[in-house]
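*Asks:* So the chains spell out like this:
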Amino acid sequence: MNTAALPRWVVAAAVVGAVFVVLPLAAMTLRIDWPRFIPLVTSEGARAALLLSLRTSVSATILCVLFGVPLALVLARTSFPGRRFVRSLVLLPLVLPPVVGGIALLYTFGRRGLIGSGLASLGIDVAFSTTAVVLAQAFVALPFLVLSLEGALRTVGTRYEAVGATLGAGRWTVLRRITLPLVLPALVSGAVLSFARALGEFGATLTFAGSLQGSTRTLPLEIYLQRETDPDAAVALSLVLVVVAVVVVGVAHRVRPLGSLDPRGTASPKAPAAAPGRVD
Amino acid sequence: MIIARLAPGVRSHGRDARRGRPGRTPGRQLCAVPAAVAFIVLLLTGCGGARDATGAGGSAAADGAEIDGSITVFAAASLTSTFTDLAGRFEDGHPGTEVRLTFAGSSDLVTQIIEGAPADVFASADTRTMQRVSDEGLLAGTAVDFATNTLQLAVPPDNPAGISSLADAARPGVKTVVCAEQVPCGAAAVAVADAEGVDLDPVSEESSVTDVLGKVTSGEADAGLVYGTDVRAAGGSVLGIDLAEAGAGATTYPITALAESPEAATAQAFVDFVTGPEGRAVLTAAGFGAP
Numbered sequence: 001m002n003t004a005a006l007p008r009w010v011v012a013a014a015v016v017g018a019v020f021v022v023l024p025l026a027a028m029t030l031r032i033d034w035p036r037f038i039p040l041v042t043s044e045g046a047r048a049a050l051l052l053s054l055r056t057s058v059s060a061t062i063l064c065v066l067f068g069v070p071l072a073l074v075l076a077r078t079s080f081p082g083r084r085f086v087r088s089l090v091l092l093p094l095v096l097p098p099v100v101g102g103i104a105l106l107y108t109f110g111r112r113g114l115i116g117s118g119l120a121s122l123g124i125d126v127a128f129s130t131t132a133v134v135l136a137q138a139f140v141a142l143p144f145l146v147l148s149l150e151g152a153l154r155t156v157g158t159r160y161e162a163v164g165a166t167l168g169a170g171r172w173t174v175l176r177r178i179t180l181p182l183v184l185p186a187l188v189s190g191a192v193l194s195f196a197r198a199l200g201e202f203g204a205t206l207t208f209a210g211s212l213q214g215s216t217r218t219l220p221l222e223i224y225l226q227r228e229t230d231p232d233a234a235v236a237l238s239l240v241l242v243v244v245a246v247v248v249v250g251v252a253h254r255v256r257p258l259g260s261l262d263p264r265g266t267a268s269p270k271a272p273a274a275a276p277g278r279v280d
Numbered sequence: 001m002i003i004a005r006l007a008p009g010v011r012s013h014g015r016d017a018r019r020g021r022p023g024r025t026p027g028r029q030l031c032a033v034p035a036a037v038a039f040i041v042l043l044l045t046g047c048g049g050a051r052d053a054t055g056a057g058g059s060a061a062a063d064g065a066e067i068d069g070s071i072t073v074f075a076a077a078s079l080t081s082t083f084t085d086l087a088g089r090f091e092d093g094h095p096g097t098e099v100r101l102t103f104a105g106s107s108d109l110v111t112q113i114i115e116g117a118p119a120d121v122f123a124s125a126d127t128r129t130m131q132r133v134s135d136e137g138l139l140a141g142t143a144v145d146f147a148t149n150t151l152q153l154a155v156p157p158d159n160p161a162g163i164s165s166l167a168d169a170a171r172p173g174v175k176t177v178v179c180a181e182q183v184p185c186g187a188a189a190v191a192v193a194d195a196e197g198v199d200l201d202p203v204s205e206e207s208s209v210t211d212v213l214g215k216v217t218s219g220e221a222d223a224g225l226v227y228g229t230d231v232r233a234a235g236g237s238v239l240g241i242d243l244a245e246a247g248a249g250a251t252t253y254p255i256t257a258l259a260e261s262p263e264a265a266t267a268q269a270f271v272d273f274v275t276g277p278e279g280r281a282v283l284t285a286a287g288f289g290a291p
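Residue numbers (my numbering), protein chains in the order written: chain W, 1 to 280; chain X, 1 to 291.
Source of the hints: derived by calculation from the structure; they are not laboratory data. All residues carry an ideal CB built from backbone N, CA and C; glycine is no exception. Every clue listed holds true.
A few chain W residues that don't get close to chain X, going by computed Cβ distances all over 10 Å:
1) Val-58
2) Leu-73
3) Phe-80
4) Pro-81
5) Leu-96
6) Gly-118
7) Tyr-160
8) Val-163
9) Leu-239
10) Val-240
If we take Cβ atoms under 8 Å as the criterion, some of the chain X residues that face chain W in the derived model are:
11) Ser-107
12) Thr-111
13) Lys-175
14) Val-177
15) Ala-180
16) Val-203
17) Ser-204
18) Ser-207
19) Asp-211
20) Ser-218
21) Gly-219
What follows is a list of derived Cβ distance ranges for each label pair:
22) W:Pro-81 / X:Pro-172: 50 to 58 Å
23) W:Gly-250 / X:Ala-285: 57 to 65 Å
24) W:Arg-171 / X:Gly-173: 45 to 53 Å
25) W:Val-243 / X:Gly-235: 43 to 51 Å
26) W:Arg-47 / X:Glu-115: 23 to 31 Å
27) W:Thr-78 / X:Pro-172: 48 to 56 Å
28) W:Thr-108 / X:Asp-135: 42 to 50 Å
29) W:Gly-45 / X:Pro-172: 22 to 30 Å
30) W:Val-242 / X:Ser-81: 35 to 43 Å
31) X:Ala-290 / W:Gly-250: 55 to 63 Å
32) X:Pro-277 / W:Val-100: 36 to 44 Å
33) X:Ala-117 / W:Arg-77: 48 to 56 Å
34) X:Arg-89 / W:Leu-51: 50 to 58 Å
I would like the entire structure built from these sequences, with the hints used as guidance.
*Replies:* The structure is reproduced here in structure tokens:
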């Protein structure tokens, strides 16, 4: 980092900002009861919560990719009346308090909800199930993927796609061999962001899915509950969550440059691969 | 994401500053950071200033045992409606006083008090959490028990699962929600279920009684174990079913003035008011039992 290009006060403010984020995490680490750390984080409840969190977050991320990629493509590559409005609606979970999301989901998929009452008559019960956790997580995480992918799609532009089409490539071929490889780094980072958001999901899960060890009590819910009786356990589990988040983000940063150089499936990888570098 | 990106920034800034020391003017750069931190600290202490001001006035008032000034009361979530009512009555009876109320789960409140939150009075939903405050030496005197509460089974008004007892709530296929054992209402639920010899298999163990009630009022759950006062406060949105062994899970509510209170006289006056006849009447009307 060369700070010469920036006014010093910008750098100073940036340092204050960074300290503001890092200091509370450091303060939390200082409170950890190290001799009890291993027993605390390997207790049955903690392991069940961590496994459930990882399982549901992966499922939610898969849902986000399955529906978020088409959503981002439609928002970035088509034009229809009310597109901007639809876009802001889709991004709404980003700014909604999660508990509001939970209430909304309850009135949709709950036993007396809009869709839930129909599902219940078919014998499908969403409430208090792991499915409810995944739905809550996907609901809050989807905008992260859509936002990062849509931005990338706009930045790379349609030039290569147009060239591909004039050379006779069909829509599916253009999508598969030009568009998606171009935005792969953004897709990966969007998916990682979604995963991280899903991992930290608390409010919507608590409101919509309930809390039962092994089926709906994810790590954030376990932390919230442990705080009631054993603050040391809550702090220890919080550190586990921070470490998982840091590892995930770190892995994503490693994957991104590799992804942008990945020539797999692209006929002219070098030139377009440079473009996503600007997407940041 | 943010952490990973910013953390390297901190380090590289440090390196640059060291590297720049001989030639350039790192002094200004290094000063800027403490200055900014100091600015934020000033902001923080600025917020605390108002509190100190009332504190200074309060100690003078305490000497003359005069009851005025502003106190902050931390009370268990289940006391929300009764304490809102009582605070209003107290202010009416003692002109010049202001009672600020904070409601949350008792354990949350204890954590905040131990971490230094400015509370003058603490009313807990169980003796166990009060003991934690006492262990920290934060009580002004000894805590006084002022109310009791017992569990009821709350069901949606149409009672879809046809529940009339705790044993019904334990039937397979019935969605019953309880508090987790870590919170007072969950401990009470276990005690009642044990006393009735019922083996509950809940679909969810919530961290607060409000969450249990929410699952019942929304119709997601067929039944939930909540306090009788919650059922009464929920009005017609749930039906309350009495439990045969409710007494086994009775919880006792203690109240106390806190040692660090700058308004000791007013804090104690509020405690006396809650434990006195008017407080008793309001609590009884809300469904609380006598201690």
